[in-house]
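*Asks:* Protein sequences appear in the order of chains A and B. If you're matching positions, the first sequence starts at 370 in the numbering used here and goes up one per residue. If you're matching positions, the second sequence starts at 27 in the numbering used here and goes up one per residue.
Among these hints, one or two may not hold up.
Below, simulated DSS-like cross-link-like pairs (lysine-lysine); rule was C-alpha separation at most 25 Å, straight line [unchecked claim]:
1) A:Lys-375 <-> B:Lys-40
2) A:Lys-443 <-> A:Lys-389
3) A:Lys-443 <-> B:Lys-35
4) B:Lys-45 <-> A:Lys-463
5) A:Lys-507 <-> B:Lys-35
6) B:Lys-45 <-> A:Lys-397
7) A:Lys-462 <-> A:Lys-397
It is worth saying that the hints were derived from the structure and are not from the lab. All of these numbers come straight from a predicted model, not from anything done at the bench.
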Amino acid sequence: MAAREKYDEAQVVEQLHDPKQCRMAFGKVIEHYSSQLYWQIRRMVIDHDDANDVLQNTFLKAWTSIDNFRGDAKLSTWLYKIAINESITFVNKKKVMNQLSIDDDESFLVNQLESDEWFDGDQAQINLQKAIATLPEKQRLVFNLRYYDEMKYDEMSEILGTSEGALKASYHHAVKKIEQFLGETD
Amino acid sequence: MKREDSTIKQKYGKDAGFKVPDNYFEDFNKKMVAMLPDVEITPVDIKPTMWQRLKPLAYLAAMFAGVWCMMSVFSHITASSDINGVRAVAEKLQDDKSNVEDFMMSGAVSDYDLLNYEDSVAMSNEEYSIDK
Numbered sequence: 370m371a372a373r374e375k376y377d378e379a380q381v382v383e384q385l386h387d388p389k390q391c392r393m394a395f396g397k398v399i400e401h402y403s404s405q406l407y408w409q410i411r412r413m414v415i416d417h418d419d420a421n422d423v424l425q426n427t428f429l430k431a432w433t434s435i436d437n438f439r440g441d442a443k444l445s446t447w448l449y450k451i452a453i454n455e456s457i458t459f460v461n462k463k464k465v466m467n468q469l470s471i472d473d474d475e476s477f478l479v480n481q482l483e484s485d486e487w488f489d490g491d492q493a494q495i496n497l498q499k500a501i502a503t504l505p506e507k508q509r510l511v512f513n514l515r516y517y518d519e520m521k522y523d524e525m526s527e528i529l530g531t532s533e534g535a536l537k538a539s540y541h542h543a544v545k546k547i548e549q550f551l552g553e554t555d
Numbered sequence: 027m028k029r030e031d032s033t034i035k036q037k038y039g040k041d042a043g044f045k046v047p048d049n050y051f052e053d054f055n056k057k058m059v060a061m062l063p064d065v066e067i068t069p070v071d072i073k074p075t076m077w078q079r080l081k082p083l084a085y086l087a088a089m090f091a092g093v094w095c096m097m098s099v100f101s102h103i104t105a106s107s108d109i110n111g112v113r114a115v116a117e118k119l120q121d122d123k124s125n126v127e128d129f130m131m132s133g134a135v136s137d138y139d140l141l142n143y144e145d146s147v148a149m150s151n152e153e154y155s156i157d158k
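Isolated chain A, as found in the complex (with noise of 0.2 Å):
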């Protein structure tokens, strides 16, 4: 098996504005940031296939704007940003294909769980899951971030465009809600 080669985000980043090394370096920005993406998708709109259409797309607009990015910000807070933002429209849209208002929470996206072939958790991480459905849209977000990747609050705000001190005040209501939920499902 061939060595991986080293991902340098700076010159990945130099590369991408060379019309001569742009898909070369956009392919390494694939292979380096699609399992991170996947997972945080994932979390969001829970179905396998769904979060591969969503990853897709993800990457599609990333490609179709590069030339919009500049290096101001992090290649990573850029491709979380799209990501993020691609799951509510994809969420939303889903809602409303089941007749679903905006403001209903996603615990539709749950309960079609225990028929998905790429979930092999048990009843208690579907309790989790479902409780994790429950929460608002930023909130469930943020905890996602927090409690599975383990984001730090810093990196956070960067992507979400809010204060530190309030994703902390996310988290702890997520937390909150959730342990609420746990303790009556239980």
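Starting from the known structure of chain A, fit chain B onto it as the hints suggest.
*Replies:* Leaving out everything else, chain B in the frame of chain A:
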């Protein structure tokens, strides 16, 4: 310090139970690169120029040069004002010295000269009374 989410972590862990098909990411990466449409990329040299790299150092050097200039001007002003002060004191002392010398000079008039002076005054008085 106990994290606020530790209760959830203890009971549910960090594995959400989601999985992906075998070799999903390898296949996805290949497919994704293949489906990228042609886009027009404007060549941008986002490499910092030599000036952009050296700018902070240049600013720092200019700041130090400014501080050095200010210090040297300040010390020059202080030094020249010191010299003027010393000069004024020296001149004053010189004046004082000349007064002292005058005073000393007065001390140089001998008693003999004074007697001669008195004698000459007395003789001229006598001459004045005879003429009368």
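*Asks:* Against this structure, judge whether each hint is valid.
*Replies:* Against the structure, the hints:
no.	hint	verdict
1	A:Lys-375 <-> B:Lys-40	violated (28 Å)
2	A:Lys-443 <-> A:Lys-389	holds (22 Å)
3	A:Lys-443 <-> B:Lys-35	violated (30 Å)
4	B:Lys-45 <-> A:Lys-463	holds (22 Å)
5	A:Lys-507 <-> B:Lys-35	holds (21 Å)
6	B:Lys-45 <-> A:Lys-397	holds (23 Å)
7	A:Lys-462 <-> A:Lys-397	violated (31 Å)
Against the hints set out earlier in the document, violations occur for numbers 1, 3, 7.
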